[in-house]
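*Asks:* All chains, full assembly: derive it from the sequences and hints.
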Amino acid sequence: MTPELGGELHVLTHVDVVPMKMEEGTDLLAGFFAAAGRSPGLASCALLRQTARKNHFELLWVWRSRADYEQHLRNPATREFRARLKPLLGSPVQDRVHVAVDLEEST
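For what it's worth, this note's numbering labels the leading residue of the sequence shown as 83, then goes sequentially.
By construction, these hints were calculated from the structure, which means they are not laboratory data. C-beta: ideal position from N, C-alpha, C; glycine also. Any given hint could turn out to be false.
Claimed, not checked - Okay, the calculated beta carbon distance ranges per label pair:
(1) M104 <-> V181: 31 to 37 Å
(2) E152 <-> P174: 15 to 21 Å
(3) V179 <-> E105: 27 to 33 Å
*Replies:* This is how it looks when you write it as structure tokens:
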């Protein structure tokens, strides 16, 4: 199913925290991640830290639909988290939105 028809949406959110704010950024990310894990429409999620750059994080989200993801972005808790995170960033947060490849259609 395509996301326009309500299929799953996979989102990779890259977060680059400045090294001198790594502890504060890690705590903020961990708290947000724990709370966001209970979001309606969230099928699964993971919080990862790069091995080579310990101040770079990835949040992996699988949303049941694009509408669920967009609701998450509008959620006051998400907006507050991003506002609190902004002064800790080395570069802007990047949300990379994906859909699964339908291998049957591609052959």
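*Asks:* Indicate, hint by hint, whether the structure satisfies it.
*Replies:* To see whether the hints hold, each was checked on the structure:
1. M104 <-> V181: 31 to 37 Å: holds, 33 Å
2. E152 <-> P174: 15 to 21 Å: holds, 19 Å
3. V179 <-> E105: 27 to 33 Å: holds, 30 Å
Of the numbered hints listed earlier, not one is contradicted by the structure.
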